[in-house]
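Chemist: Chains as they are written, first to last, in the working numbering: chain A, 1 to 381; chain B, 1001 to 1295.
Don't read these hints as lab results, they were simulated from the structure.
A couple of the hints might just be wrong.
Simulated coverage check for chain B against chain A, where a stretch passes if three residues somewhere in it have a Cβ under 8 Å from a Cβ of chain A [claimed, not checked]:
1. 1009-1023
2. 1120-1134
3. 1201-1209
4. 1214-1222
Note that CB positions come from ideal geometry on N, CA and C, so glycine has one too.
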Amino acid sequence: MSHARCKKLFICVMVILALTVPAAAQDDVIKIGVISSLTGSVSTYGQSVRNAVTMAVEDINAAGGINGRQISLVILDDKGDGTEAAQAARRLIDRENVALILGPVITPAVMAVAPICQAAGVPMLTPTGTGDQITSVGDYIFRGAYKDSFQGRVMAQFAIENLGLKEAAIIYDVANDYSVGLRAAFKTTFEELGGKIIAEESYSTGDTDFSAQLTSLAMRNPQALFIPDYYSTAGPILMQARLMGMDAVMLGVDGWDSPDLSALAGGFEEGGYIVNHYSADVDSPATQAFIARYKQTYGQAPDALAALGYDGTLIVAKALEAAGSTDPEALKQALGTVSGIEGVTGTINMDPEGTPIKSAVILKITGGQWELVTRIDPVGR
Amino acid sequence: MAWQVAALQQLLNGLALGSVYALIALGYTMVYGIIKLINFAHGEMYMLGAYFGFYAITMFKLSLFPAMLVSMVAAAVVGVLLERIAYRPLRNSPRISVLITAIGASLLFQSTAQLVFGAAFKPFPQAMPFRRIQLGPVFITNRQLLIFGVAVVLMVALHLLVTYTKFGKAMRAVARDKEAALLMGINVDRIISITFALGSALAATAGILVGMYYNRIDPYMGTMPGLKAFVAAVLGGIGIVPGAVVGGLLMGVAENLVVTLGSSTLRDAVAFAVLIVVLLVRPNGLLGKKGMEKV
Chain A
1 MSHARCKKLF ICVMVILALT VPAAAQDDVI KIGVISSLTG SVSTYGQSVR NAVTMAVEDI
61 NAAGGINGRQ ISLVILDDKG DGTEAAQAAR RLIDRENVAL ILGPVITPAV MAVAPICQAA
121 GVPMLTPTGT GDQITSVGDY IFRGAYKDSF QGRVMAQFAI ENLGLKEAAI IYDVANDYSV
181 GLRAAFKTTF EELGGKIIAE ESYSTGDTDF SAQLTSLAMR NPQALFIPDY YSTAGPILMQ
241 ARLMGMDAVM LGVDGWDSPD LSALAGGFEE GGYIVNHYSA DVDSPATQAF IARYKQTYGQ
301 APDALAALGY DGTLIVAKAL EAAGSTDPEA LKQALGTVSG IEGVTGTINM DPEGTPIKSA
361 VILKITGGQW ELVTRIDPVG R
Chain B
1001 MAWQVAALQQ LLNGLALGSV YALIALGYTM VYGIIKLINF AHGEMYMLGA YFGFYAITMF
1061 KLSLFPAMLV SMVAAAVVGV LLERIAYRPL RNSPRISVLI TAIGASLLFQ STAQLVFGAA
1121 FKPFPQAMPF RRIQLGPVFI TNRQLLIFGV AVVLMVALHL LVTYTKFGKA MRAVARDKEA
1181 ALLMGINVDR IISITFALGS ALAATAGILV GMYYNRIDPY MGTMPGLKAF VAAVLGGIGI
1241 VPGAVVGGLL MGVAENLVVT LGSSTLRDAV AFAVLIVVLL VRPNGLLGKK GMEKV
C-alpha cells in the first residue's frame, strides 16, 4: 500500500468515524417513527399528516425539546396499503429502534400495523385512524381522532334533526373496514331516530364504475345519499350520481376532506355535508396560529388530516414529557392519561381505552369552501 | 314498471361499459388469433392510453380528439416495442414462457407507471361539458354516447380493415398458417407488429373514454378491465374478431343487470362465473365452432 493510499484510507476511516459518532451519542435524541401514505390512492392524507408532524416536531425542538431531548423523525411511506404499512412498522421497530410509532393514516393500514406494535410492545398512536376496532387490538394502541361509530352517529343525527330528512340511501365499499363501519353506525342511528334506509348498494375498493349501483339507487329517489369513503372514490361517485340526475342531499365523512376532492368530483361536491374533526372557521388562537403557520410553510390551507397530524404529535410529546423516558411501559401509561392539551382540533383528553374525547363538526361545501354548520359534542359516547 | 325502467337504464349503462370491454377485448383476440398468445400486458395499454391522453390534454393543451389520436399512436408504439423486445425473441419457445413474460411485462408497466406518473389517483381533465339526454323514462349521458360512437366507428373501421384490405388478408393468412403465409411472401414480422399496434391503439382509446366517463385514472386501473376484457374475448370465442365485440357487450350488460336483479356485491363474481361457465359449456366461445382453427 502506497503512502498516498494509506493516507486516503486514513481519511476515509476518520470520515466514517465522524459520521458514526453522533449516532453513538444519540441517546439524547428521541426517535419517533412515522408511517404515512405519501403516495397512492389517499396520498393527500399522508402528505398533510407528514407536513403537520414535521412542523409540530420543529416547534417542539425549537422550544427546547422534550425534557431537554430533541425529537428526530424517521418517515416511511405505506402507499395507503396494509402490507406496505406492516413492512414499514417492522423496519421502524427492528432496525430503527424507534421509541414510538406515529401513524399510519387510514384504518386498513392501521389495522395491519397495530398487532405488530402490540406484540413488540412498542406504543403506537394513529393521529387519524377512526375505525372502532383499532384501539381494541391492545393496550399499546392509541389514536388521536374520534371513532367511526361516533362519526356515523353524528351524521345520522344531523341528517334527521337538522336537515329534517326521513329517508336515505347508502353506497359503500364492502372491502374497506372504514366504509363498512361507518355504514353500520349511520344506519343504526338513522333508524333509531325514526328514519328509513330505503336502499343500499356496495362496490369494492378500486372500482371506478358506479353507474349500475347509482342507477339502482336513483330509481328509489332517496332524499339523501350517504357515501362513507375516501375522497378518491367519493369524488367519482358524486360526479356520476349528479350526472345521472340524482338530486339527493349528499352526506359524507372525514374521508372527503382533501384538496383533490373537487377535481375528482368535477365540482359536483357542491352542497354536500361532511362530519369532520376540525373547522378552519373556529376562532381559537391555537387553531388560527396553526392555520397561518401551515399556510406560510406549505403554501396551502391545512385540511383536517394536517390538524390531526399536528395534534397527534402534541399528544405524543406531552406523553413523552409525562413519562420522563422512552420506556414503553411508562409511555403507554402516559398516553392513556394525558389531558388538557390545547390542540388545533380542540382540547384533547385521552381516555384509558386509547381514544381522545373530542367533539365533531359538520361542514358544508359552499362555493368550493368548507363552511362550519354546527359543532356536535360527544355526549353519551 | 319501475323495475323495467331500471332494467332498461342498466342495459344502456351496460352497453357503454360493454363497449369499453369490447375495445380492449379486440386487442386480446387479434393477438391471440395471430400468435396464440394471451397478452396479459394488454390491460396496461389501456392504462397507458389514459395517461397519454391525460398528458396530451393537460400539458399539450390538445382537445379531446387530437389527444385521443396522440394517445393511440403512443400506445401503438409501446405495443410494437413490447412485442419486439419481449415476445419476438420467445416466438419459438414454449407458449408458457411467453405467457409468463406477458405477466411480467404487465407488472413492469404498472410499476413504471407508478414511478413516472405517480401513484396518486388523478382526475381526468373533463374536456367536454356534461349533458344528459332524456329518452322517455331513461336517459343517456353525452359521455356514454361518446363511448358508443367512438367504439362503433373504430370497430367498423377494424372490420373493414380486416375484411377488405390487403393487410387484412395477410393478417388472416398469418393467423391461419404462419409458415404458409411466409412462403407466399408475406412479411409475418410486420403483420404481427401492426396487429400489436392496432390492439394497443384500441385499448388506449378505451382508456381515454373511461377517464372521461369515470373521472379517475391510476396506474393499476388496467388490471380489472383487462381481466374482464379477457373474459369477454373468451366468451365471444378467442381469436374471433366479432366475438370480442359480442363478448364485451354481453359482459357489460350482464354486470349491470346483476346489480338491478341481484346484489351489487356479486358484480365481479358474475364476470368470472361467466368465464367458468363458458369454458365448461362452450370452450370455443359463443361464436367459435368446435374444432375449428380460430382466426
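Chemist: Which numbered hints turn out to be false for this structure?
Modeler: 3
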